[in-house]
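Kindly produce the complete structure, drawing on both the sequences and the hints.
Here's the letter readout for the chains.
Protein chains: 2
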Amino acid sequence: MSDQTVKYLLPEDRMPKSWYNIAADLPPMAPVLHPATGQPVGPSDLEPLFPREVILQEVSTEREIEIPEPVRDIYRQWRPAPLFRARRLEKALGTPARIYYKYEGVSPSGSHKPNSAVAQAFYNKEAGVKRLTTETGAGQWGCSLAFAGSLFGLEVNIYMVKVSYQQKPYRRALMETYGARCVASPSVETSAGRAVLEKDPDSRGSLGIAISEAVEMAVQREDTKYALGSVLNHVCLHQTIIGQEAMAQMEMAGDEPDVVIGCAGGGSNFAGIAFPYLGRNLREGTKTRLLAVEPAACPTLTRGRFAYDYGDLAHLTPLSKMYTLGADFMPPGLHAGGLRYHGMSPQVSQARHLGLIEARSYQQLECFEAAVTFARAEGIVPAPESSHAVRAAIDEALRCKAEGKAEVILFNLSGHGHFDMQAYTDFFGGKLEDLTYEDSLLADSLARLPQVSEPA
Amino acid sequence: MSDQTVKYLLPEDRMPKSWYNIAADLPPMAPVLHPATGQPVGPSDLEPLFPREVILQEVSTEREIEIPEPVRDIYRQWRPAPLFRARRLEKALGTPARIYYKYEGVSPSGSHKPNSAVAQAFYNKEAGVKRLTTETGAGQWGCSLAFAGSLFGLEVNIYMVKVSYQQKPYRRALMETYGARCVASPSVETSAGRAVLEKDPDSRGSLGIAISEAVEMAVQREDTKYALGSVLNHVCLHQTIIGQEAMAQMEMAGDEPDVVIGCAGGGSNFAGIAFPYLGRNLREGTKTRLLAVEPAACPTLTRGRFAYDYGDLAHLTPLSKMYTLGADFMPPGLHAGGLRYHGMSPQVSQARHLGLIEARSYQQLECFEAAVTFARAEGIVPAPESSHAVRAAIDEALRCKAEGKAEVILFNLSGHGHFDMQAYTDFFGGKLEDLTYEDSLLADSLARLPQVSEPA
Numbered sequence: 001m002s003d004q005t006v007k008y009l010l011p012e013d014r015m016p017k018s019w020y021n022i023a024a025d026l027p028p029m030a031p032v033l034h035p036a037t038g039q040p041v042g043p044s045d046l047e048p049l050f051p052r053e054v055i056l057q058e059v060s061t062e063r064e065i066e067i068p069e070p071v072r073d074i075y076r077q078w079r080p081a082p083l084f085r086a087r088r089l090e091k092a093l094g095t096p097a098r099i100y101y102k103y104e105g106v107s108p109s110g111s112h113k114p115n116s117a118v119a120q121a122f123y124n125k126e127a128g129v130k131r132l133t134t135e136t137g138a139g140q141w142g143c144s145l146a147f148a149g150s151l152f153g154l155e156v157n158i159y160m161v162k163v164s165y166q167q168k169p170y171r172r173a174l175m176e177t178y179g180a181r182c183v184a185s186p187s188v189e190t191s192a193g194r195a196v197l198e199k200d201p202d203s204r205g206s207l208g209i210a211i212s213e214a215v216e217m218a219v220q221r222e223d224t225k226y227a228l229g230s231v232l233n234h235v236c237l238h239q240t241i242i243g244q245e246a247m248a249q250m251e252m253a254g255d256e257p258d259v260v261i262g263c264a265g266g267g268s269n270f271a272g273i274a275f276p277y278l279g280r281n282l283r284e285g286t287k288t289r290l291l292a293v294e295p296a297a298c299p300t301l302t303r304g305r306f307a308y309d310y311g312d313l314a315h316l317t318p319l320s321k322m323y324t325l326g327a328d329f330m331p332p333g334l335h336a337g338g339l340r341y342h343g344m345s346p347q348v349s350q351a352r353h354l355g356l357i358e359a360r361s362y363q364q365l366e367c368f369e370a371a372v373t374f375a376r377a378e379g380i381v382p383a384p385e386s387s388h389a390v391r392a393a394i395d396e397a398l399r400c401k402a403e404g405k406a407e408v409i410l411f412n413l414s415g416h417g418h419f420d421m422q423a424y425t426d427f428f429g430g431k432l433e434d435l436t437y438e439d440s441l442l443a444d445s446l447a448r449l450p451q452v453s454e455p456a
Numbered sequence: 457m458s459d460q461t462v463k464y465l466l467p468e469d470r471m472p473k474s475w476y477n478i479a480a481d482l483p484p485m486a487p488v489l490h491p492a493t494g495q496p497v498g499p500s501d502l503e504p505l506f507p508r509e510v511i512l513q514e515v516s517t518e519r520e521i522e523i524p525e526p527v528r529d530i531y532r533q534w535r536p537a538p539l540f541r542a543r544r545l546e547k548a549l550g551t552p553a554r555i556y557y558k559y560e561g562v563s564p565s566g567s568h569k570p571n572s573a574v575a576q577a578f579y580n581k582e583a584g585v586k587r588l589t590t591e592t593g594a595g596q597w598g599c600s601l602a603f604a605g606s607l608f609g610l611e612v613n614i615y616m617v618k619v620s621y622q623q624k625p626y627r628r629a630l631m632e633t634y635g636a637r638c639v640a641s642p643s644v645e646t647s648a649g650r651a652v653l654e655k656d657p658d659s660r661g662s663l664g665i666a667i668s669e670a671v672e673m674a675v676q677r678e679d680t681k682y683a684l685g686s687v688l689n690h691v692c693l694h695q696t697i698i699g700q701e702a703m704a705q706m707e708m709a710g711d712e713p714d715v716v717i718g719c720a721g722g723g724s725n726f727a728g729i730a731f732p733y734l735g736r737n738l739r740e741g742t743k744t745r746l747l748a749v750e751p752a753a754c755p756t757l758t759r760g761r762f763a764y765d766y767g768d769l770a771h772l773t774p775l776s777k778m779y780t781l782g783a784d785f786m787p788p789g790l791h792a793g794g795l796r797y798h799g800m801s802p803q804v805s806q807a808r809h810l811g812l813i814e815a816r817s818y819q820q821l822e823c824f825e826a827a828v829t830f831a832r833a834e835g836i837v838p839a840p841e842s843s844h845a846v847r848a849a850i851d852e853a854l855r856c857k858a859e860g861k862a863e864v865i866l867f868n869l870s871g872h873g874h875f876d877m878q879a880y881t882d883f884f885g886g887k888l889e890d891l892t893y894e895d896s897l898l899a900d901s902l903a904r905l906p907q908v909s910e911p912a
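Protein chains in written order, with this note's numbering: chain A, 1 to 456; chain B, 457 to 912.
Certain hints may be false.
Unchecked claim - In silico PhoX-like links for lysine-lysine, alpha-carbon gap of 25 Å or less:
id : chain 1 : residue 1 : chain 2 : residue 2
1  : A       : Lys7      : B       : Lys473
2  : B       : Lys857    : B       : Lys547
3  : B       : Lys586    : A       : Lys91
4  : A       : Lys17     : A       : Lys125
5  : A       : Lys405    : A       : Lys7
6  : B       : Lys463    : A       : Lys17
7  : B       : Lys463    : A       : Lys7
8  : B       : Lys861    : B       : Lys463
9  : A       : Lys91     : B       : Lys581
None of these hints come from the bench; they were simulated from the model.
Source: prediction; values computed, not measured.
Shown next, in the form of structure tokens:
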């Protein structure tokens, strides 16, 4: 075998025909509660926000949910996505470990996000919706929904977290190239945005604020719905095509991962690579390690509380039981803006709470160091979000080296960093710093978590 | 068949095992002349610049030249590159034409350039070279040689045309991420650069100047060679893998192109997609139209002269017979910096001179309009260079619509525009203008072409 990076490509006819739904195998979860009544929400409560098919997916416990043929037709432009054996990286690290990465940067918008954006745009189009609103952090989700909207002739309005809007003007340019409208959040367009600006005119924004704005705009208009890029069950569902493909490709490679790694912001990327393996662990008793990696500056899984909380700052969303830093926790403005969310997918949270997955956090400098090592070996420049998974994969490989173990490491390289080169420029220029928050801020934010009496 | 974009992927074992050399089929060309003596150069004259294998390829007339296995191993990370049928674009245009595009943006650096960069780095490494110098316009070539250098442990020094260095800081960041050194040209590091700066301290630079600087640095050091990203025969040779793959993929699609389109700066991208078809035209009498597209602001093939000229401003390179605007012609600072070269591949020039290919020029605004239409339909944002081919493909498709003809159009989408989003931002902001030069400047530059008595 050559000492070069090896690509494993599935034939198109082996692209999964259904998404895998972890709800079929995960122990039952605490119900989602209505923000006004505190009672469990029913599907009809979600109708102002989402089309019917999406709501059904959100609450489904069917193990397999068919991917509609028109969605598969679009996926095929870049899927099945490649899986690589990182032989050049292994050599650079001098590790006996075998490192594989699934690469989702091959999508038109450069990340895994279109897996859900295309599906959500399709279901909305089918339901006669004319316009979608959404939030975006670093812009990966906004670009992907803009792309999906352009395919289905849907108008797309995007509230982009202000710090990223300023740090990443080229993500905004990409959204506009796809024909979407992108606004810095907090904005004066919504009462949620105006309320934040009144208290803090210099607010850098957060995903929690941007979600409030997008939800507010969606519920006001009959022809408009809301689309969320992570956290929710249906988004995790759509991303499982990643892990399902990876499983088939690892089989092609004749290898079986000891550990599967993904970065986690809202959780859907991690869910995408990990849930098919988690389901197998639960059904068949396999013991594949599953590792979620998050920023130390926004450590939801590692320092948050497993509790009921709102998904947004203005408390417009339902309450979910999840790991949370508190809906008004304001994380520092790190470059991995896609990981800058106070909450975590309830399904990922449940898995963590039950000890079914591991979690780890890293500072941003050590992530960029890992990203540069990776880029020089493998040629692909990782997005700052993905660099967290790269860091963890490299650390696992170095542990294997120290222990003399030839373990198999699989991670999801969720996107490329072409629109994040300012961060790399800052890194090389010595202008990038590790970011922290005051412990008291987190304690205060957790102390303000809503008091909810959990239904029996 | 779906109305979505369709992908045609060659299996890896059908990746070409050899490059196609047009010199085997093209009528003999005028000899390359030594800049000092005016006599035809022999292989040994090129030895200060290039390793032996590269020189042999430059002068070879063998039809097939084997791709070394280590180069193929690296190619396999992203090759065979996909070919797409642009059904969504066809629908958006309402054309009966069938539009196909070969997509080279899947390479790690995002363009077709690694096809030659990897090969050149390999041959230099084999020859014991420690360091490569090169020039880059928009940065696609610089990034690609930086990538290739990182794979083979070669130091890479890049002279980047100053206007692009300023317009495209993120290309520079990418080169640095790969570990290369990037300097704005004209620089004070070379006598060629200092001479330009003395006359014009505000010089925006040109590929002709940057080549002089890179060549000067290479000839000064024993362990250093020079690598050129286009123009020369061996570079065109390495790019023919594009057209060879496309031919096999068009066969998979059950279609045959009536016209093959590529943008042309130095000519190697156009050669890559077109030469395999040109060779077939020459050998088998097929009549596939071959269309080279260039910027109206640097119209080498459409307004230049077919004459002997230097490849660089300082007259350090040999003299080649080619279409040229004159080595001291200073094109305006258009965003498609990769097409901003005064000369043209002698092989492409010869084909044009003999009427074997067509050429057309476009202004930059109409190219960006076409690029946005393409991005909204196909999801991929073209590089400004590639947008010239997109414009021509769309115009051919609209001609087919007007004429009611279902012709087959194939173009090479040579790279993505992720590092060129400032140009898109300027375009949407109304800040982008068509660029022209004074006719008298071109006339003067052509009047200064060297007086060469062509060998019989």
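Quick rundown of the hints versus the structure:
| no. | hint | in the structure |
| --- | --- | --- |
| 1 | A:Lys7 / B:Lys473 | 18 Å, holds |
| 2 | B:Lys857 / B:Lys547 | 11 Å, holds |
| 3 | B:Lys586 / A:Lys91 | 21 Å, holds |
| 4 | A:Lys17 / A:Lys125 | 21 Å, holds |
| 5 | A:Lys405 / A:Lys7 | 24 Å, holds |
| 6 | B:Lys463 / A:Lys17 | 18 Å, holds |
| 7 | B:Lys463 / A:Lys7 | 18 Å, holds |
| 8 | B:Lys861 / B:Lys463 | 24 Å, holds |
| 9 | A:Lys91 / B:Lys581 | 18 Å, holds |
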